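Let the hints inform the model, and build the full structure from the sequences given.
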Amino acid sequence: MSKYNQSTTNSIDLQFDKDHLWHPYTSMTNSLPAYGVVAAEGVELQLQDGSKLIDGTSSWWACIHGYSHPKIVAAMQQQTAQLSHVMFGGITHRPAVELARLLVELTSPKLTKVFLADSGSISVEVAMKMALQYWQGRAQPNKQKILTIKNGYHGDTFAAMSVCDPEGGMHTMFGELVTKQLFAPAPQSRFGEEFDPQELTEIAQLFEDSHQQIAAVLVEPIMQGAGGMRFYHPDYLAALRKLCDKYNVLLILDEIATGFGRTGKLFAYEHSAIEADILCLGKALTGGYISLAATLCSDEVAQGVSDSPAGVFMHGPTFMGNPLACAAAVASLKLIKENHWQQQICAIEAQLKMELAEAADYSNVVDVRVLGGVGVLEMSSTLNTAELQQQFVDLGVWIRPFSNLIYIMPPYCISSTDLSKLTKAMKAVAKQSSLPNAAGDFISHG
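Residue numbers for the sequence shown follow full-length UniProt numbering, beginning at 1 and rising by one.
These aren't lab readings, by the way, just hints derived from the structure by calculation. Owing to the predicted nature of the structure, the values given are computational and were not obtained by experimental measurement.
Simulated pairs of lysine-lysine, DSSO-like, Cα-Cα distance not exceeding 30 angstroms:
| hint | residue 1 | residue 2 |
| --- | --- | --- |
| 1 | LYS180 | LYS242 |
| 2 | LYS52 | LYS421 |
| 3 | LYS427 | LYS52 |
| 4 | LYS421 | LYS265 |
| 5 | LYS265 | LYS246 |
The following label-pair restraints were derived from C-beta to C-beta distances:
| hint | residue 1 | residue 2 | range |
| --- | --- | --- | --- |
| 6 | LEU14 | SER416 | 29 to 37 angstroms |
| 7 | GLN48 | SER416 | 27 to 35 angstroms |
| 8 | ASN30 | ASP209 | 40 to 48 angstroms |
| 9 | SER416 | THR92 | 39 to 47 angstroms |
| 10 | ASN30 | LYS110 | 43 to 51 angstroms |
| 11 | SER306 | ASN30 | 46 to 54 angstroms |
| 12 | ARG94 | GLU202 | 46 to 54 angstroms |
| 13 | ALA310 | HIS340 | 41 to 49 angstroms |
| 14 | GLY50 | ALA428 | 21 to 29 angstroms |
| 15 | SER416 | GLN140 | 48 to 56 angstroms |
| 16 | SER420 | ALA139 | 54 to 62 angstroms |
| 17 | ASP49 | SER416 | 24 to 32 angstroms |
| 18 | ALA360 | LEU32 | 26 to 34 angstroms |
| 19 | ALA139 | ARG94 | 37 to 45 angstroms |
Here a beta-carbon is modelled for each residue, glycine too, at the ideal position from N, C-alpha and C.
Encoded structure:
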């Protein structure tokens with residue numbers, strides 16, 4: 001007989017979970033508490049004890065429409081009954097074609113080719129491989145380096161780790177194993193404030209010195225997410241585009257976190273009025289209902305890849321173009337149009353600015369910042385995630401601090417009443433938090 005009690009009900013064996021299930025960025029011998037969720041609807045998570053929590057994180061920034069949305073659920077149920085999966089090699093299907101059409105229509109005119117990937121990290125890997133193959137096709141195989149900026153985060157897979165912050169990031173222990181890339185200082189001019197052109201000096205010099213080795217620049221546009229929830233000036237991104245054009249370097253934009261409206265524009269690059277050569281999308285692509293990502297590129301990039309010695313793009317995962325995931329993504333993108341996402345984000349932004357402003361006067365809060373549907377309290381020291389997590393649960397909200405940040409990125413459909421409950425909880429916890437350094441939490445890129 002098993003030493004664990006098995007149940008046919010909806011209950012969760014938390015002890016078995018603790019003993020056997022590895023959660024993201026946790027220790028199996030000194031794990032953080034895991035709260036059992038049995039259902040979710042709208043912006044609420046229901047725990048197995050019957051209590052409900054307002055979700056302030058959109059399940060790591062993905063569930064922008066909330067949970068159990070009838071249109072996404074119906075689309076997935078219908079697709080499961082018809083065609084849940086089929087290999088994408090030599091075969092296509094309606095959900096993939098419809099999704100690609102929507103992505104081409106929604107993104108900038110330059111982006112016409114769509115590669116459907118499994119997750120955000122893989123979409124970044126695909127983008128990097130596209131850039132490397134492109135230069136092989138253009139008879140410049142020495143262009144193998146990726147130039148990026150510090151404080152960035154692009155995923156947990158091996159190539160993606162190489163472009164995460166090499167000093168303060170979460171993958172520093174692998175620094176001697178991953179490919180050595182080029183890093184410039186993170187932009188310091190904040191969104192909404194005056195731009196200082198002098199901060200381009202070092203990255204411009206890197207272009208000048210190394211452009212013959214640089215395949216692409218890869219950055220998160222406007223908002224650096226898991227690297228610190230930093231919002232930087234759109235003029236910096238516009239200048240990067242000009243430098244890429246001047247020195248014949250591709251520009252890859254990682255919109256895994258920012259895509260589909262989170263910063264107040266449908267895509268964050270729109271703040272700078274530029275276009276990418278390669279674009280990475282994920283997280284909110286399916287509304288958070290199932291894993292899927294996409295890497296889009298220009299005709300020129302696709303042609304260069306085809307002109308490379310391989311003659312084809314050398315990537316093709318088993319679950320590429322999964323029909324079920326594509327159907328969810330199509331439903332999610334249609335909802336974005338129907339739900340007037342701009343009005344939703346504008347309302348969230350205005351309320352966050354108003355309700356979080358007083359936290360700037362707290363002694364242990366060093367910065368308060370808001371952009372679109374993102375609200376951040378930066379604390380003076382690293383937070384104890386486990387302790388603060390319990391405090392938030394006791395207050396009836398799901399807010400997951402990491403490092404020295406208390407932040408929310410709620411579903412777009414959140415009501416003003418529920419949003420106020422989140423901001424009140426943030427302020428209450430921040431006001432009394434003066435905790436010693438402890439193991440924090442990190443954010444998966446998918």
